[in-house]
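There are 4 protein chains.
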Amino acid sequence: MRFGDVNTEIETLGPPCVPSPLLENEAKGSLASFVAEDDRVIVDVNAKRHKQRTQEGIEPLCFELAGPREQLFFNPANVKAGLVTCGGLCPGLNDIIRAVVLELYHCYHVEDIFGFRHGLQGFIPSYGHEVVHLGPKSVAPILDLGGTILGSSRGPQNIDDVVTRLEELGINILFMIGGDGTLVASMKIAEEVSRRGLPISVIGIPKTIDNDIYLLARSFGFDTSVGIATRSIEAAHNEARGYVNGIGLIKLMGRESGFIAASAALARQDVNFVLIPEVDFDLEGPSGFLDELEQRLADRKHAVIVVAEGAGQKFFSEQKNERDPSGNPVLHDIGTFLKQKINEHFSKKNIDIALKYIDPSYIIRSLPANPNDRIFCSFLGRDAVHAGMAGKTNMFVGNWNNHFVHVPISASAGLRKKVESSGKLWRTVLEATGQGSLISTG
Amino acid sequence: MRFGDVNTEIETLGPPCVPSPLLENEAKGSLASFVAEDDRVIVDVNAKRHKQRTQEGIEPLCFELAGPREQLFFNPANVKAGLVTCGGLCPGLNDIIRAVVLELYHCYHVEDIFGFRHGLQGFIPSYGHEVVHLGPKSVAPILDLGGTILGSSRGPQNIDDVVTRLEELGINILFMIGGDGTLVASMKIAEEVSRRGLPISVIGIPKTIDNDIYLLARSFGFDTSVGIATRSIEAAHNEARGYVNGIGLIKLMGRESGFIAASAALARQDVNFVLIPEVDFDLEGPSGFLDELEQRLADRKHAVIVVAEGAGQKFFSEQKNERDPSGNPVLHDIGTFLKQKINEHFSKKNIDIALKYIDPSYIIRSLPANPNDRIFCSFLGRDAVHAGMAGKTNMFVGNWNNHFVHVPISASAGLRKKVESSGKLWRTVLEATGQGSLISTG
Amino acid sequence: MRFGDVNTEIETLGPPCVPSPLLENEAKGSLASFVAEDDRVIVDVNAKRHKQRTQEGIEPLCFELAGPREQLFFNPANVKAGLVTCGGLCPGLNDIIRAVVLELYHCYHVEDIFGFRHGLQGFIPSYGHEVVHLGPKSVAPILDLGGTILGSSRGPQNIDDVVTRLEELGINILFMIGGDGTLVASMKIAEEVSRRGLPISVIGIPKTIDNDIYLLARSFGFDTSVGIATRSIEAAHNEARGYVNGIGLIKLMGRESGFIAASAALARQDVNFVLIPEVDFDLEGPSGFLDELEQRLADRKHAVIVVAEGAGQKFFSEQKNERDPSGNPVLHDIGTFLKQKINEHFSKKNIDIALKYIDPSYIIRSLPANPNDRIFCSFLGRDAVHAGMAGKTNMFVGNWNNHFVHVPISASAGLRKKVESSGKLWRTVLEATGQGSLISTG
Amino acid sequence: MRFGDVNTEIETLGPPCVPSPLLENEAKGSLASFVAEDDRVIVDVNAKRHKQRTQEGIEPLCFELAGPREQLFFNPANVKAGLVTCGGLCPGLNDIIRAVVLELYHCYHVEDIFGFRHGLQGFIPSYGHEVVHLGPKSVAPILDLGGTILGSSRGPQNIDDVVTRLEELGINILFMIGGDGTLVASMKIAEEVSRRGLPISVIGIPKTIDNDIYLLARSFGFDTSVGIATRSIEAAHNEARGYVNGIGLIKLMGRESGFIAASAALARQDVNFVLIPEVDFDLEGPSGFLDELEQRLADRKHAVIVVAEGAGQKFFSEQKNERDPSGNPVLHDIGTFLKQKINEHFSKKNIDIALKYIDPSYIIRSLPANPNDRIFCSFLGRDAVHAGMAGKTNMFVGNWNNHFVHVPISASAGLRKKVESSGKLWRTVLEATGQGSLISTG
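These protein sequence lines map, in sequence, to chains B, S, X and C. Each residue of the first sequence is one higher than the one before, starting from 19 at the first, in the numbering used here. Each residue of the second sequence is one higher than the one before, starting from 19 at the first, in the numbering used here. Each residue of the third sequence is one higher than the one before, starting from 19 at the first, in the numbering used here. Each residue of the fourth sequence is one higher than the one before, starting from 19 at the first, in the numbering used here.
These aren't lab readings, by the way, just hints derived from the structure by calculation. Do not take every clue at face value.
[Unchecked claim] Residues of chain S placed beyond 12 Å of chain X at every Cβ, according to the derived structure:
#1 L83
#2 G215
#3 D288
[As the list claims (entries may be wrong)] Within a straight-line C-alpha distance of at most 25 Å, the following computed DSS-like cross-link-like pairs (lysine-lysine) qualify:
#4 B:K155 with X:K155
#5 S:K155 with C:K319
#6 C:K319 with X:K155
#7 B:K155 with B:K98
#8 X:K206 with X:K435
#9 S:K357 with S:K66
#10 X:K319 with C:K155
#11 X:K206 with S:K69
#12 B:K66 with C:K69
#13 B:K155 with C:K332
#14 S:K155 with X:K319
Note that CB positions come from ideal geometry on N, CA and C, so glycine has one too.
Let the sequences and hints guide you as you build the complete structure.
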């Protein structure tokens with residue numbers, strides 16, 4: 019990945035001058051190992067590019083290192099913290115809530131921890147959602163629970179109202195767990211907070227089951243999702259092999275980026291076609307998808323296809339203006355579209371096939387996180403607390419080059435990480451599937 | 019369950035007069051514990067009904083006990099066995115194949131074991147499917163594999179051709195693993211075999227993921243299916259609780275019987291409505307399903323619904339003749355139908371809901387069997403071999419009152435086991451869900 | 019299994035004459051399907067034995083059918099219920115607690131439900147364990163939790179004190195979940211209750227991870243245990259195959275009965291030796307275990323052995339009086355004993371082996387129940403409530419011939435179910451392992 | 019981590035001048051995205067250290083990037099490849115074998131692929147292990163299989179004999195999958211190969227379930243191990259909470275590094291003490307482990323302890339010379355040692371405890387890899403093939419800063435990665451457990 023001009027400086031509410039209660043641990047002999055304010059992680063580890071830039075006198079792009087600071091901005095004794103989860107479900111939400119609460123309570127001795135219910139609705143009194151008090155007892159039993167104990171909702175709310183609510187409740191640190199839309203909202207909240215001169219830290223924890231947030235190497239829940247998705251591929255493979263010309267077609271998540279589809283395909287290596295939003299393909303024509311699929315069936319009598327939900331949107335462009343009888347726009351589902359096209363293709367050719375279609379989306383989103391994601395969430399949640407206590411704001415906690423880092427929300431919001439068509443992940447998918455370009459040569 | 023006049027006598031090819039090779043084990047001190055030809059299992063354990071019948075001089079209905087016989091009909095040295103798997107996939111198919119092969123090979127020293135590929139197609143040369151030789155090496159690695167290594171197919175084939183093929187290949191015992199249609203085919207094959215006076219034993223092993231074969235207490239794969247289905251319910255519950263007026267709607271298998279839906283609902287006890295083919299319900303009207311669902315949301319803000327695929331078919335009767343633009347009959351899918359009706363209902367009432375629809379069907383059918391089903395398949399497969407070696411025919415191996423038994427195919431074929439609406443399973447579902455009759459009182 | 023003179027009559031506190039609140043459901047159209055007081059299940063389904071006894075004029079042995087009664091002994095409005103879990107952990111404890119609480123609360127509208135903490139200690143004030151109030155909220159989140167939320171303890175307590183405590187608290191129905199020792203205690207409590215003329219129903223729910231309670235076809239947690247145990251066998255098999263003369267040795271639970279060992283061995287069918295308490299075997303001598311193991315290694319280069327913890331206790335008889343330096347009796351662990359004997363045997367013969375020893379005991383006992391056991395626990399818990407409300411006492415809820423039944427504790431306490439050495443389970447183990455008698459012919 | 023003078027230059031057999039068959043893919047439109055020979059990855063991403071070194075004129079330490087090269091050293095048409103797996107089992111071995119074989123066969127069209135059986139023994143004819151031919155058919159069914167289909171063995175073999183065997187068989191590329199000892203052997207083989215002037219590439223793929231190979235950020239199987247280990251912690255936690263003063267003690271792998279123990283503890287966050295080799299602790303004395311454990315029990319009535327097998331070896335130094343009756347040195351097992359010490363401690367104080375000890379070692383090592391590790395193994399295996407085809411030798415494929423890289427074996431062999439006591443992982447463990455320094459202040 020190449021990086022342009024990105025501002026990686028983190029905003030703070032003011033100079034940190036309250037000694038961290040974690041210093042007591044150091045006194046007790048169990049080292050707290052604080053992070054210095056100028057600890058940075060190099061963003062681009064490509065040595066050639068790095069050398070060239072150094073020769074051109076360009077400072078290498080760096081992210082601030084996450085972790086506990088020796089000096090805090092907030093006095094823990096007075097801190098009121100708030101948490102909110104927004105948007106679609108994703109494995110790990112409860113683990114982040116748990117880590118934030120446990121870190122605040124046990125390490126910083128913060129007891130005023132509040133959960134806002136059902137996303138941004140929770141800040142708007144007219145919805146009538148009660149604000150819930152959180153502590154070790156409320157988060158102890160959620161370890162094996164999928165979803166989010168705070169509930170969620172989609173869609174924006176009035177930013178002014180949100181900030182007013184924060185002010186009323188005296189919240190100092192707000193942890194916002196959500197996707198790209200939530201990050202944008204976080205940024206606006208932080209700006210409004212700043213406009214009003216309030217001492218409120220806004221810390222984002224990016225959620226994206228598609229793993230497509232820009233400048234975020236890995237998002238929580240992704241590993242779990244890939245893991246569960248492989249069970250669908252296993253099932254599809256068994257169905258495909260079970261019948262003459264058996265075809266297993268699995269639609270996986272990935273609106274704009276095919277990371278889940280590509281990764282899950284590599285986990286079993288028995289997938290024959292992977293279709294993702296980033297890589298164009300044709301349906302018809304020689305060497306197009308249907309032609310290659312026919313060839314595969316002729317050779318091996320079965321085939322497994324994984325398609326990301328955002329793949330092949332070009333096929334719907336001509337239908338842009340179609341409306342159903344009620345006047346609603348026709349939804350474009352690449353999974354059912356492919357199912358129909360495949361059936362039509364072989365029906366025209368009088369070839370009997372046995373196509374099974376699997377869409378595991380909601381099973382994946384709602385199940386509990388696996389141990390790997392739990393560990394990851396534990397780090398994310400704790401580092402979010404460290405950042406908030408230090409008075410950082412308008413940033414999210416990310417992971418880059420295996421380090422947890424602070425990223426300004428403005429550097430990422432509205433942008434997207436993509437599967438690079440000439441990168442290692444996609445190349446390995448091509449090697450594992452043996453699929454060609456799927457571009458019609460006709 | 020009440021039983022009418024059922025003929026439970028098992029057909030045999032002739033008197034068994036070949037000493038079983040298992041007798042050698044007895045000599046070696048590890049007892050083979052043979053089953054006597056007149057060992058029977060009482061079918062109806064209801065003591066009151068039993069007493070009444072005894073007083074009326076009616077012999078109690080009994081099944082022949084399965085297991086090894088001291089005397090065989092076939093000389094193991096000359097036996098050629100065939101296996102075939104038919105119809106839809108079901109967890110445990112490979113485990114049955116494995117058990118049959120291991121029992122034949124290791125215990126009866128039969129080495130000529132053949133697998134017919136892709137169901138009944140495998141007997142018809144024009145399909146071009148090779149007959150595969152099976153032995154311990156070919157079945158050792160299939161332990162963790164879902165689906166069937168023999169492949170399957172749907173639909174009937176010419177019975178005459180099948181029997182001719184058996185004759186050509188010199189098969190003595192044919193193990194047919196399949197659903198109700200396959201049992202009917204088995205019966206016809208056995209009859210044609212008998213007509214031709216061939217010494218071929220036809221042994222069925224009933225497969226039904228819906229657990230709805232008559233006179234079969236439990237079918238293999240059912241336990242695995244319920245287990246996997248509960249993951250979908252867990253996911254749906256998390257989705258439902260995640261949003262205001264969240265609704266999780268899961269469609270589970272069950273064309274004519276709701277055993278999977280009812281059982282899976284009991285496994286987690288957080289389902290609010292279970293809809294099955296055996297129990298009528300209304301959509302509209304006071305106390306109808308939609309009304310009760312609305313009440314549930316008003317009370318608890320979320321709901322989980324499990325619907326068996328065969329439930330509510332009455333709603334489609336008026337659409338019988340509908341055709342889509344291409345002239346094909348409109349398919350009646352209760353899952354998507356309910357999804358639409360629920361959305362319409364709340365839309366009309368201006369109540370925002372968040373409905374998530376989950377259809378895990380093909381994931382369930384194709385995954386490997388769990389340990390419980392593996393043990394069950396091991397018994398089924400081995401008892402099928404014992405039955406075949408003893409010259410039994412036109413029967414299937416079943417399970418009744420926790421005993422493995424022989425059931426004449428004619429006693430069950432074409433009939434179906436149902437969830438009894440006044441039985442313990444359904445009553446417990448009603449207790450666990452708290453759902454009412456869902457019959458409109460309007 | 020043959021049955022002697024067993025008294026199967028269930029004790030009651032008095033005539034049931036309070037209409038069940040479940041009758042309301044019937045009025046509402048969702049049938050409650052009550053069980054009649056004289057509904058019975060035939061115990062022995064062996065038709066030959068049954069016929070013979072009928073001819074001799076002997077009434078067939080029957081169990082009372084479990085389920086809801088139309089008339090109750092207790093007025094639900096006044097019921098105070100108590101629950102206690104005793105002894106070692108077993109998958110499903112929380113599921114039973116959950117089912118009992120949900121049934122009492124939602125179906126009988128009983129709100130005074132109390133949990134006694136840490137087994138029988140919970141009744142003895144000097145231990146200082148608080149009695150906890152239970153309701154839907156406290157049992158909702160325990161669905162995926164292993165262990166028991168009530169805690170447990172081992173060992174007896176003074177029966178008089180227990181009954182006095184029940185009296186003080188005004189408990190009417192006591193649900194005791196525990197093993198054989200707990201059943202004996204339940205019986206004594208019921209007797210003391212009767213002596214004092216108290217209207218307290220004592221209902222047992224038998225717990226035995228070994229599945230060895232007499233007159234109980236299946237105990238909860240057993241299926242889960244077998245399932246988890248198979249993972250150890252899978253691991254042992256991989257270790258064994260990984261090395262020249264690799265040996266995987268797994269010790270499984272089973273103090274007096276080898277059900278887990280035998281069943282788990284059948285689930286994977288790649289075990290070569292199963293050693294259980296019920297079946298004698300020799301270590302030394304021709305055809306003894308070590309000789310046969312050596313033969314197996316010579317033939318196949320690897321071996322997998324499953325031993326139940328209670329197997330081979332005869333080898334320790336001569337060490338009965340051994341004491342360790344502190345004067346404690348030396349504990350006899352068949353697992354480590356076999357490990358040592360095998361290593362010695364091959365060391366003496368200069369044969370290199372690679373033995374890996376696996377003891378998964380506590381992992382199995384403490385993990386959550388699988389869906390199958392959850393459903394089973396749901397029935398057990400609900401039927402225990404039905405029995406208690408009807409005024410039954412001094413009984414446990416069991417499962418026989420696939421029906422839930424009432425069994426007098428006195429009929430089972432102190433007796434044990436065993437793997438029959440000439441029965442189907444053990445025969446199938448012999449077929450699957452190919453192991454001989456393991457009795458020295460020398 | 020700080021890095022001293024490490025030579026990161028990769029040895030090659032000669033100039034690559036054979037065009038890669040992957041170029042054909044590029045022609046077909048599916049980009050192969052070759053790695054340039056001078057692509058490097060910066061090792062140390064600490065920006066401060068990097069800046070300082072740059073100012074001092076020191077070139078930053080870099081690893082060669084792994085991946086396919088446009089020009090190969092070997093002509094694929096003539097390549098004979100060999101694979102061997104050595105040492106203890108680890109999840110993922112079969113996945114690496116599978117990836118290497120599939121890449122060689124499908125992408126480079128190499129068909130002469132040979133597996134050496136049982137580690138280095140496979141090269142020594144006197145052991146009598148046959149060399150097995152590998153291809154897509156042999157690796158297709160091993161997807162869900164733990165262990166290694168090639169078998170393994172421990173201990174060294176004569177290097178000369180190994181190289182002679184390679185020469186005899188005409189092997190050009192040898193893939194050695196094993197731990198630190200195997201890497202040392204690989205280095206010696208590469209050196210002997212070089213001495214003899216043979217054109218044989220030796221490529222290591224480092225295996226270490228402890229995740230402790232120096233200069234390797236992550237080793238395959240580690241993620242799976244942590245995942246399985248968390249089940250033991252879950253079980254131990256349930257056991258601990260089940261009893262008054264319940265203690266769950268789990269011994270996890272980690273001879274010299276506590277990565278598994280530390281990571282697994284973070285996955286559930288309900289562990290109270292983690293003991294690892296890298297961090298000293300005292301048993302006795304105020305604030306020592308036993309004292310703190312007593313305090314924990316007094317406060318919370320239960321405790322969960324995770325100990326890495328290499329922790330606390332200082333306690334055994336005085337027993338160095340102890341011998342058992344047969345003259346063998348007494349083995350020092352920290353798990354059973356702690357169990358005994360804890361029991362003694364509380365026994366002396368007359369405090370009843372209920373300690374359960376869990377050692378899941380062999381279950382973890384032998385189970386199949388999880389999806390995350392499978393993807394990782396897929397990359398490792400394919401990159402090993404790319405490196406071998408390019409004529410690289412005496413190197414291993416590693417992972418650093420999320421990139422796959424080439425590391426000279428000499429740079430790592432004999433060194434070990436450790437949990438840094440002042441690093442993020444250990445600090446987070448201290449935060450999650452709340453454990454103090456466990457160093458006696460007395």
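Evaluation of the provided hints:
no. : hint               : in the structure
1   : L83                : violated, 9 Å
2   : G215               : holds, 33 Å
3   : D288               : violated, 7 Å
4   : B:K155 with X:K155 : holds, 14 Å
5   : S:K155 with C:K319 : violated, 54 Å
6   : C:K319 with X:K155 : holds, 24 Å
7   : B:K155 with B:K98  : holds, 18 Å
8   : X:K206 with X:K435 : holds, 22 Å
9   : S:K357 with S:K66  : violated, 46 Å
10  : X:K319 with C:K155 : holds, 24 Å
11  : X:K206 with S:K69  : violated, 35 Å
12  : B:K66 with C:K69   : holds, 16 Å
13  : B:K155 with C:K332 : violated, 38 Å
14  : S:K155 with X:K319 : holds, 16 Å
The structure does not agree with the numbered hints 1, 3, 5, 9, 11, 13 stated previously, though it agrees with the rest.
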